[in-house]
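> If you want the building blocks of each chain, they are given just below.
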Amino acid sequence: MAKKSSKDRLSNEINAGSMADIAFLLLIFFLVTTTIVEDKGVLVKLPPWSEEPPDIQKLNERNVFGVLVNKDNQLLVRKQPAEIKDLRERTKEFILNPQKRQDLAEKPTKAIISLKNDRGTEYKTYLNVYNELKAAYAELWDEAAQTQFGSTYESLSREDRRTIRNKIPLVISEAEPTAFGDEE
Amino acid sequence: MSKFSKKRGKASPEVNTASLPDIIFMLLFFFMVVTVLRDAELMVDVNTPDATELTKLEKKSLVNYIYIGRPTKKYQATYGTSPQIQLGDKFSSVRDIPLFLERHRSTVSEKQRPGINTSLRVDGEVTMGIVQDVKTQLRKSNQLKVNYSAGKRADEPKN
Chain A
0 MAKKSSKDRL SNEINAGSMA DIAFLLLIFF LVTTTIVEDK GVLVKLPPWS
50 EEPPDIQKLN ERNVFGVLVN KDNQLLVRKQ PAEIKDLRER TKEFILNPQK
100 RQDLAEKPTK AIISLKNDRG TEYKTYLNVY NELKAAYAEL WDEAAQTQFG
150 STYESLSRED RRTIRNKIPL VISEAEPTAF GDEE
Chain B
0 MSKFSKKRGK ASPEVNTASL PDIIFMLLFF FMVVTVLRDA ELMVDVNTPD
50 ATELTKLEKK SLVNYIYIGR PTKKYQATYG TSPQIQLGDK FSSVRDIPLF
100 LERHRSTVSE KQRPGINTSL RVDGEVTMGI VQDVKTQLRK SNQLKVNYSA
150 GKRADEPKN
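Sequences listed follow chains A and B, in order. Read in order, the letters of the first sequence are residues 0 to 183 in numbering that gives the first Met the number 0. Read in order, the letters of the second sequence are residues 0 to 158 in numbering that gives the first Met the number 0.
Mixed in with the good hints, there may be bad ones.
Below, simulated BS3-like cross-link-like pairs (lysine-lysine); rule was C-alpha separation at most 25 Å, straight line [claimed, not checked]:
no.	chain 1	residue 1	chain 2	residue 2
1	A	K115	A	K44
2	B	K73	A	K39
3	B	K151	B	K73
4	A	K44	B	K73
5	B	K110	B	K73
6	B	K110	A	K39
7	A	K44	B	K139
8	B	K55	A	K44
9	A	K39	A	K57
10	A	K44	B	K110
11	A	K44	B	K72
Hints in this document: simulated from the structure, not taken from any laboratory.
Work the whole structure out from these sequences, hints included.
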């Protein structure tokens with residue numbers, strides 16, 4: 000009988016099964032210690048710091064949309080109690096002033112939103128309010144983009160977006176908070 | 000020839016398992032590339048609220064993180080239960096913010112500095128006092144680009 004070559008078969012010397020084990024181990028290590036960081040949030044540009052508080056006396060009261068949040072997370076919009084769910088529509092109505100009411104903004108470029116909260120307000124209420132205000136502007140920008148360019152605000156080029164923003168500028172002024180509900 | 004003739008070819012398995020590690024390695028490389036080793040262990044409990052107006056933070060290297068929340072169980076003994084600020088990876092106070100910002104700024108090239116963003120990860124139930132202090136300090140340090148971390152919330156249908 001000729002020499003059997005079964006023993007000299009050049010099979011892969013490394014047992015592939017344990018390679019898979021090593022790979023699984025490394026995979027589980029990475030799954031456990033890393034995170035696919037979800038970094039989304041509400042983008043805000045803070046006003047530059049100045050020692051004097053902003054002078055709100057010169058502003059016409061009809062152009063100022065005051066939103067106050069107290070330590071019990073209740074809203075006071077233009078000195079009237081209000082609900083968060085109405086905030087977006089009211090903000091849009093204030094800025095655009097389609098019926099040219101005397102108590103709403105003269106024109107969108109003069110509309111100012113003034114936000115004031117208490118030190119005891121919960122952060123999530125504050126963020127919710129800010130989110131609604133930003134959403135109001137986003138919807139206004141979308142509507143303006145539709146009438147002027149025929150597409151959504153997001154799909155416009157940088158210059159076109161700037162044009163829209165110049166017509167309806169986002170001006171949210173934040174005042175120093177009151178300290179009725181401070182924790183410390 | 001005889002009764003003991005071996006049937007050739009039966010021993011090879013249908014699926015060649017030698018390629019299994021390759022598949023696993025591919026998955027592994029995917030995770031290595033896509034994920035980030037958690038740079039800072041969260042020492043405070045942060046449960047970010049939800050919002051609809053979200054923007055994604057583009058470059059991770061241009062972002063510094065400020066966490067505000069109540070300390071986790073194992074740090075409560077030393078730091079108490081009132082909300083604390085965590086800058087990067089250690090507990091700090093409002094006064095340490097300028098130094099923290101400067102340290103991060105020095106790792107970024109000159110022309111990219113205007114794009115630096117600060118991600119504020121604040122727990123939903125923290126009161127605004129401490130957040131306001133942090134914001135004031137950021138304004139004083141001329142760090143005006145701020146991103147309030149939030150989860151995605153679907154818009155409620157208009158009723």
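> Does each hint fit the structure? Answer for all of them.
Status of the hints after comparison with the structure:
no.: 1; hint: A:K115 <-> A:K44; result: holds (16 Å)
no.: 2; hint: B:K73 <-> A:K39; result: violated (28 Å)
no.: 3; hint: B:K151 <-> B:K73; result: violated (29 Å)
no.: 4; hint: A:K44 <-> B:K73; result: violated (35 Å)
no.: 5; hint: B:K110 <-> B:K73; result: violated (41 Å)
no.: 6; hint: B:K110 <-> A:K39; result: holds (24 Å)
no.: 7; hint: A:K44 <-> B:K139; result: holds (13 Å)
no.: 8; hint: B:K55 <-> A:K44; result: holds (15 Å)
no.: 9; hint: A:K39 <-> A:K57; result: violated (37 Å)
no.: 10; hint: A:K44 <-> B:K110; result: holds (19 Å)
no.: 11; hint: A:K44 <-> B:K72; result: violated (34 Å)
Of the numbered hints stated above, those contradicted by the structure are hints 2, 3, 4, 5, 9, 11, listed in ascending order.
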